[in-house]
Amino acid sequence: MTELLQTLVLGLLLGGVYALAASGLTLIFGVMRVINIAHGAFLIVGAFVTYWLWDSFGIDPLLAIVFTTPIVFAIGWLTYKVVVSPVRTAPMASTVLLTFGLALVLEGAMGEIWGNNSTAVRPSYTDESFTIGGLFLPKAQVYGGLIAVVVLTLLWVLLTKTWLGRAIRAAATNPASAELVGIKVAAVAALVFGIGIAAAGAGGAITAVLYPFVPGSHYAWIARLLAIVVLGGLGSLNGAVLGALLFGLAETMTSAYVSPAWATAVPYAIVFAVLLLRPQGILGMRLREDAVPA
Amino acid sequence: MSYFSRRRRLSAVALTSALAFGLAACGGDDSDGGGGGGGGGDSDDPIRIGTSLPLTGEFSQPGQAAEQGYQIWKNMVNENGGLLGRDVELVVKDDASNQNTIVADYNALIGQDKVDLLLGTFSSLLNLPASAVAEKAKMVYVEPAGGSPEMFSRGFKFLFFSQQATADRQGLVFADWVANLPEDERPKTAAYPTLDDPFAAPVVEGAREALEAAGVETVYEETYAIDTKNFDTIVSAIKNADPDLVFHGAQFEDGIGMTRAMLKAGLKPEMFFQTNAPSFGDQFSEGVGEENTEGVFFAVSHHPDAETPGNAEFVQAYEEEYGGMPPEDAADAYAAGQVLQAAVEAVGSIEDQQALADWLRENEVETILGPLSWDENGAPTGEFLIGQWQGGEAQIVLPEDAATAEIKRDWTPGGAG
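Chains A and B supply the protein sequences, listed in that same order. The opening position of the first sequence corresponds to residue 263 in this note's numbering, with each subsequent residue numbered one higher. The opening position of the second sequence corresponds to residue 20 in this note's numbering, with each subsequent residue numbered one higher.
Okay, chain A solo, but in the shape it has when bound (with noise of 0.2 Å):
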């Protein structure tokens, strides 16, 4: 039993983080229908920023999210206005191959700023972990953890409780009704993609303090990234988070109960079996242009 709850508890604090992660790319998806493959690496991005806030000011990574956060908004945001904007109504290939192209140059760019050694942030409770009743928690995946749903919260509060959010979903849902009322749906768009690569640099900070990374790292991440989103329904925010946490509980149960070696490949399995049951992923909706062949 305790180590039901063990596996249970550490797959839903590695899922959080997933969340946080992906909420970004599915957010560029509903707003743009841009897959931005750069997704991983501005993740990465953040995590070398909250390196280098920690390394050279001595500032903690977690709180460092302050700082990081708007940096790497700004980063998202220029990147928007000067290389993702022109292909904004391109096919969805041309923007998939762009950023791609995108993410190759972010590892170029990180290799060459920051080496191409393996790093690692160590605050002081690195290794240390809170245990309720036999249960052990990290102290750094419960803080990241909590973060996530306190950044994801602000997320989905800025979403439905504002005239940006509306704004932004009225984008998403019918871009050119959206301009007739009188919204920029360009600037919208630039808005949202500087959000969504701003959480993924929330989400690159808490992942700086729990595994250690490399430029190269981002190619793991974009694969589960893409795979949660696609699970939980693209262009969904609650699909998102319902799908990172079922791929964080597959990784860990499958680890515990099955075998390591499958822990990596279990939650795709899940993904496909989502997708011949349902195409849409668990919280997507269905779109006319799905269901009639133009």
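Among these hints, one or two may not hold up.
[Claimed, not checked] Distance windows between CB atoms, simulated:
id : chain 1 : residue 1 : chain 2 : residue 2 : range
1  : A       : G395      : B       : A260      : 18 to 26 Å
2  : A       : L538      : B       : A260      : 33 to 41 Å
3  : B       : Q131      : A       : S347      : 54 to 62 Å
4  : B       : N119      : A       : L416      : 39 to 47 Å
5  : B       : T208      : A       : V367      : 45 to 53 Å
6  : A       : G395      : B       : E236      : 24 to 32 Å
7  : B       : D215      : A       : L539      : 26 to 34 Å
8  : A       : R295      : B       : N259      : 23 to 31 Å
9  : B       : T208      : A       : A527      : 24 to 32 Å
10 : A       : P348      : B       : E108      : 40 to 48 Å
[Unchecked claim] Mimicking DSS-like on lysine-lysine, the simulated pairs with C-alpha atoms at most 25 Å apart in a straight line are:
id : chain 1 : residue 1 : chain 2 : residue 2
11 : B       : K155      : B       : K112
12 : B       : K157      : B       : K112
13 : B       : K157      : B       : K176
14 : B       : K207      : B       : K176
15 : A       : K401      : B       : K133
16 : B       : K248      : A       : K401
Simulated from the structure, these hints should not be mistaken for lab results. We put the beta carbon where it would ideally sit given N, CA and C, even for glycine.
Starting from the structure of chain A, add chain B where the hints point.
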């Protein structure tokens, strides 16, 4: 008639173009060589040695260290009058830790860059396909890493591994030492978490067999995939098995990840052996925290203080060029250069790759890792050194005649014990 003449005209065009391109190419090749020959001759041109290394991607850590080792070897050869009186030039490509890219890279080195000699890459994963390309082209392939037994079961005749032993023997010196501990000090149980990797897995397999034969019960044995980031669940399972000894088959990042997860979960076995990661010096102590390194065992091929011929010069050159102590992978790469150099100088030519391979199979080469020699399949016939972290530094503790410090039994992370 018109058909005939058109055909002749076409062939003329084709021939002219071929000549034009051919001459242009020759011009490029022989601008200072004095005509004829077509590259690779006995001129004063530099000897070009090609390699492709994982400078980026998952193995960027060892890949960059290997590049440093090769560069230092090249510099030292050139400062001492070159190889056969000719300067050495390195052609280094980046395979991004990708098995497909490395095949393309070595094909390009041989086919397009037309390098004179090859040097190997890093990790068994990448050396497996790369060495097959070299074997097909019948070019000597000295690899600084890639000790998986799989490498040498293919009957290759141009492959040579420039470390002391293959991976399956890496943990044996340690296992023998454990087996010979007094009854009350010998661990009773052991756990074997292993990365699914052609290098890490055989190390663990070899050590586990030896330890089981010595009566150490196996209480946990699992393999995890290369993209595993989260080790908490694995560690939780090991903790339930409560082993006296954890013998971990790792590369670099997963070694750090596992050690950190063990500390978080409060899994502190009496003894802790880990492959690869602890041999990375500062990178390891920064990754897991210096206070947690005390007593960690690892197998290693090189130590900066070893009294092997040329080692002091290598360590000094490394320090001047890159700062700090040379990582093991830089030393291994340097040794690979030494092996190739020894063969070329003994044979006296770079034309006959078969002669180079035959010479290596029959002779012993002095390197900074100590003397190396090879069996029929290019597998080395020596034994590894066993290292241990003590007082924030990596020391050699086994075998006794190479030891730089006394061996200690226990892992005491955080000073807490």
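Do the hints match the structure? See the list:
1. A:G395 <-> B:A260: 18 to 26 Å: holds, 21 Å
2. A:L538 <-> B:A260: 33 to 41 Å: About 37 Å separates the Cβ atoms of L538 of chain A and A260 of chain B, which means 33 to 41 Å holds.
3. B:Q131 <-> A:S347: 54 to 62 Å: Given a distance of about 39 Å, which is not inside 54 to 62 Å, the answer is violated.
4. B:N119 <-> A:L416: 39 to 47 Å: holds, 42 Å
5. B:T208 <-> A:V367: 45 to 53 Å: The hinted range 45 to 53 Å holds for T208 of chain B and V367 of chain A, with Cβ atoms some 50 Å apart.
6. A:G395 <-> B:E236: 24 to 32 Å: holds, 29 Å
7. B:D215 <-> A:L539: 26 to 34 Å: holds, 30 Å
8. A:R295 <-> B:N259: 23 to 31 Å: Once the Cβ atoms are compared, 47 Å apart, the range 23 to 31 Å for N259 of chain B and R295 of chain A is violated.
9. B:T208 <-> A:A527: 24 to 32 Å: Since T208 of chain B and A527 of chain A have Cβ atoms about 29 Å apart, the given range 24 to 32 Å holds.
10. A:P348 <-> B:E108: 40 to 48 Å: holds, 43 Å
11. B:K155 <-> B:K112: holds, 20 Å
12. B:K157 <-> B:K112: holds, 20 Å
13. B:K157 <-> B:K176: holds, 8 Å
14. B:K207 <-> B:K176: violated, 43 Å
15. A:K401 <-> B:K133: violated, 55 Å
16. B:K248 <-> A:K401: Holds. K248 of chain B to K401 of chain A sits at ~17 Å (cutoff 25 Å).
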